[in-house]
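Protein chains in written order, with the working numbering: chain Z, 1 to 310; chain U, 311 to 703.
Among the hints, erroneous ones may be present.
Stated by the list, open to error - Pairs of lysine to any residue residues, derived as SDA-like cross-links and limited to a Cα-Cα distance of at most 20 Å, are as follows:
hint : chain 1 : residue 1 : chain 2 : residue 2
1    : Z       : Lys123    : U       : His327
2    : U       : Lys351    : Z       : Glu132
3    : U       : Lys549    : U       : Val564
4    : Z       : Lys78     : U       : Pro547
Quick caveat, the hints were computed from the structure, so don't treat them as lab data.
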Amino acid sequence: MSVSSGIAIDVKGLSKSFGGREVVHDLSMQVRRGSIYGFLGPNGSGKTTTIRILCGLLTPDSGEGTCLGYDILKDAEKIKRQVGYMTQRFSLYQDLSARENLEFVARLYGLADAQGAARDMIKRLGLSGREEQLAGELSGGWKQRLALGACTLPNPQLLLLDEPTAGVDPKARRDFWNEIHALAAEGLTVLVSTHYMDEAERCHEIAYIAYGHLLAHGTVEEVIAKSALTTYTVTGDDLNGLTSELTGKPGVDMVAPFGTSLHVSGRDVAALEASIAPWRRTSGLHWHQSSPSLEDVFIELMGRSRDNFQ
Amino acid sequence: MSAVDRPAPAQGPVPIHAVRERFGFLRRSYAMLIKEFIQLKRDRVSFAMIVMLPVMQLMLFGYAINTTPHHLPSAVLLQEDSDLARSILKALENTAYFRFLYEVHDVDDFDNLLKSGKVLFGVEIPRGFERAVRRGDKPALLVAADATDPVAASAAMGSLGMIVQTALKHDLYIGDPPEMPFEIRAHARYNPAASSSLNIVPGLVGTILTMTMLIFTALSVTREVERGTMESLLSMPIKPVEVMFGKIVPYVLVGFLQAFLIIGIGVGLFGVPVLGNLFLLALLSTLFITTNLSIGYTISTVVQNQLQAMQMSMMFFLPSILLSGFMFPFAGMPTWAQYVGECLPLTHYLRIVRAIMLKGATMQNLRFDTLALAALMLFAMTIAVTRFRRTLD
Ligand SMILES: Nc1ncnc2c1ncn2[C@@H]1O[C@H](COP(=O)(O)OP(=O)(O)O)[C@@H](O)[C@H]1O
Ligand SMILES: [Mg+2]
Numbered sequence: 001m002s003v004s005s006g007i008a009i010d011v012k013g014l015s016k017s018f019g020g021r022e023v024v025h026d027l028s029m030q031v032r033r034g035s036i037y038g039f040l041g042p043n044g045s046g047k048t049t050t051i052r053i054l055c056g057l058l059t060p061d062s063g064e065g066t067c068l069g070y071d072i073l074k075d076a077e078k079i080k081r082q083v084g085y086m087t088q089r090f091s092l093y094q095d096l097s098a099r100e101n102l103e104f105v106a107r108l109y110g111l112a113d114a115q116g117a118a119r120d121m122i123k124r125l126g127l128s129g130r131e132e133q134l135a136g137e138l139s140g141g142w143k144q145r146l147a148l149g150a151c152t153l154p155n156p157q158l159l160l161l162d163e164p165t166a167g168v169d170p171k172a173r174r175d176f177w178n179e180i181h182a183l184a185a186e187g188l189t190v191l192v193s194t195h196y197m198d199e200a201e202r203c204h205e206i207a208y209i210a211y212g213h214l215l216a217h218g219t220v221e222e223v224i225a226k227s228a229l230t231t232y233t234v235t236g237d238d239l240n241g242l243t244s245e246l247t248g249k250p251g252v253d254m255v256a257p258f259g260t261s262l263h264v265s266g267r268d269v270a271a272l273e274a275s276i277a278p279w280r281r282t283s284g285l286h287w288h289q290s291s292p293s294l295e296d297v298f299i300e301l302m303g304r305s306r307d308n309f310q
Numbered sequence: 311m312s313a314v315d316r317p318a319p320a321q322g323p324v325p326i327h328a329v330r331e332r333f334g335f336l337r338r339s340y341a342m343l344i345k346e347f348i349q350l351k352r353d354r355v356s357f358a359m360i361v362m363l364p365v366m367q368l369m370l371f372g373y374a375i376n377t378t379p380h381h382l383p384s385a386v387l388l389q390e391d392s393d394l395a396r397s398i399l400k401a402l403e404n405t406a407y408f409r410f411l412y413e414v415h416d417v418d419d420f421d422n423l424l425k426s427g428k429v430l431f432g433v434e435i436p437r438g439f440e441r442a443v444r445r446g447d448k449p450a451l452l453v454a455a456d457a458t459d460p461v462a463a464s465a466a467m468g469s470l471g472m473i474v475q476t477a478l479k480h481d482l483y484i485g486d487p488p489e490m491p492f493e494i495r496a497h498a499r500y501n502p503a504a505s506s507s508l509n510i511v512p513g514l515v516g517t518i519l520t521m522t523m524l525i526f527t528a529l530s531v532t533r534e535v536e537r538g539t540m541e542s543l544l545s546m547p548i549k550p551v552e553v554m555f556g557k558i559v560p561y562v563l564v565g566f567l568q569a570f571l572i573i574g575i576g577v578g579l580f581g582v583p584v585l586g587n588l589f590l591l592a593l594l595s596t597l598f599i600t601t602n603l604s605i606g607y608t609i610s611t612v613v614q615n616q617l618q619a620m621q622m623s624m625m626f627f628l629p630s631i632l633l634s635g636f637m638f639p640f641a642g643m644p645t646w647a648q649y650v651g652e653c654l655p656l657t658h659y660l661r662i663v664r665a666i667m668l669k670g671a672t673m674q675n676l677r678f679d680t681l682a683l684a685a686l687m688l689f690a691m692t693i694a695v696t697r698f699r700r701t702l703d
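Sequences and hints are given; from them, build the entire structure.
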């Protein structure tokens with residue numbers, strides 16, 4: 001293995017365009033071995049494209065780097081042996097049963113006992129009794145478990161999971177995340193893309209990407225701290241009216257409703273406080289300063305990136 | 311789905327299974343092959359088509375289409391070199407029905423030319439022919455035609471008497487009123503009754519195999535792309551050659567089943583003989599099946615979607631039907647069309663299958679067509695493997 005054996009993914013300056021439109025721009029990232037790395041960003045921000053570049057399915061227009069110590073440009077075949085990739089869209093064979101799909105993967109990777117490996121995985125996934133059902137007829141949660149099983153079957157060192165929990169109910173999502181933590185505890189590195197904030201909180205590190213630009217990365221605390229955002233939470237009557245009045249005022253970078261309250265945030269504390277001063281004394285409105293949530297940070301980042309890159 | 315039917319999350323570590331590094335190529339091809347087999351087994355419509363198509367086609371092509379031959383490749387077995395013999399040959403050649411490609415002096419050479427299909431027509435001028443004519447003995451002029459292609463053969467035979475008569479009158483060998491100084495003894499070899507089902511059945515083996523084999527593989531790669539399974543297949547350590555073998559081999563068996571059905575019906579219902587070696591027929595049929603599968607697979611690596619795959623298959627299938635000698639006698643086609651025909655696997659297979667079934671030809675006679683098929687197969691496979699896209703770019 002290479003010198004950076006503590007690093008599973010180490011890429012610099014990745015860019016990719018489709019038909020003249022840059023979808024990933026100068027993206028650099030490092031993922032430590034054994035960690036769960038969350039990849040967040042709105043739809044169309046380039047998450048899938050980046051993951052495909054990492055496992056050799058797309059060639060970047062520029063940039064370089066290693067994945068598990070192998071060059072992503074030259075050693076795609078070696079990377080494929082060690083990486084399990086769970087695609088965003090279900091990509092197992094719908095007309096093959098769960099067992100047949102697993103056996104297919106086991107044979108492709110050269111597992112000595114393909115049938116035994118498939119049987120063990122069915123047991124581990126709790127699929128017993130459903131193994132002869134066609135994959136296309138399984139429900140969403142089961143499909144997703146089967147897909148995870150298929151990509152962990154050949155004992156990869158790195159899992160690339162592309163929005164694995166999209167469209168899955170909360171209980172299945174929680175089970176899935178328990179599973180991911182169990183795998184990471186066994187030493188696997190997991191890169192998982194998502195747009196659920198609560199899932200971001202379960203990652204060791206996160207990166208936020210919008211319009212192809214990687215805007216922030218680090219632990220959740222680091223990302224929040226680095227945002228240098230000051231947030232006020234307001235509760236009270238007629239928050240809708242307040243939203244429209246505050247939006248666009250100097251120092252107010254973001255006004256976002258959260259349930260029954262409103263988050264008003266800005267990076268320039270003095271300007272923010274000057275702008276909200278007239279409303280702080282309004283009766284019926286309760287103001288208090290709070291630390292920004294991850295969601296506040298992302299919404300603010302996205303708003304800013306929209307101004308910059310679109 | 312309900313939360314009730316879901317078990318607790320997985321327990322215990324992922325079981326580790328040993329990995330074998332040797333024979334990777336065979337193992338991965340095998341994995342692909344098993345998968346394709348299961349998918350084929352589940353696809354009932356395709357399966358029904360495999361059986362229905364040959365039966366339907368056999369019923370539809372009851373009769374062949376009639377056309378006049380043109381420049382039939384011919385040979386002459388010259389056992390004496392006389393002026394009369396030369397006159398007859400020139401007269402035959404002047405009609406544009408025949409083109410004499412070979413002049414041989416040995417009966418075995420003559421037979422081999424006919425058997426290998428190098429010529430479809432042969433004239434034998436026996437020893438002492440001219441002297442017998444002068445004496446008024448009415449000797450026999452032997453004419454042999456390869457009637458496995460009955461349309462071409464019978465038209466040529468029919469015109470023979472007239473041509474010879476006119477020519478000899480011109481050369482003053484016969485007076486007026488014309489009276490033939492010799493007898494034309496025509497011999498329709500291999501298919502004496504000039505029965506078209508004898509010709510059609512072997513031809514159908516070839517066309518049906520072309521059509522089904524082409525379509526099955528032409529859809530195979532695009533189907534994976536459209537269903538999204540290609541993305542995960544490409545992320546696994548499998549090579550383009552292995553994907554190709556895995557996708558081709560199951561259909562070799564399907565092709566075999568079809569060939570068996572058609573020949574079975576042909577022999578049982580139409581009384582078509584199989585004079586040659588069945589093993590040779592099976593072997594060369596396998597080669598032909600694989601060639602078509604490779605071409606279909608190549609189509610599937612260059613098109614974008616299943617509709618294009620179907621259209622491109624048709625683009626290949628139509629010339630195959632028209633220019634291979636299935637619909638019209640090969641010898642009657644213009645030269646450019648014959649060149650195109652030589653590039654189509656069906657042309658070569660038609661010669662092979664007709665020769666083996668109806669003439670009892672051996673490998674010796676079929677070397678050229680066998681090599682041509684093999685060359686076309688390797689050509690298609692090479693394109694397919696290099697065209698196969700290993701990324702999603
Ligand atoms: N093969 C492709 N051809 C053209 N455009 C593409 C292709 N793949 C992705 N895109 C475009 O690139 C952008 C980023 O897509 P993607 O990486 O899938 O984003 P995400 O996964 O974050 O939703 C989208 O606007 C998408 O339309
Ligand atoms: Mg995506």
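Numbered hints the structure breaks, given as an ascending list:
Hint 3 alone not satisfied by this model.
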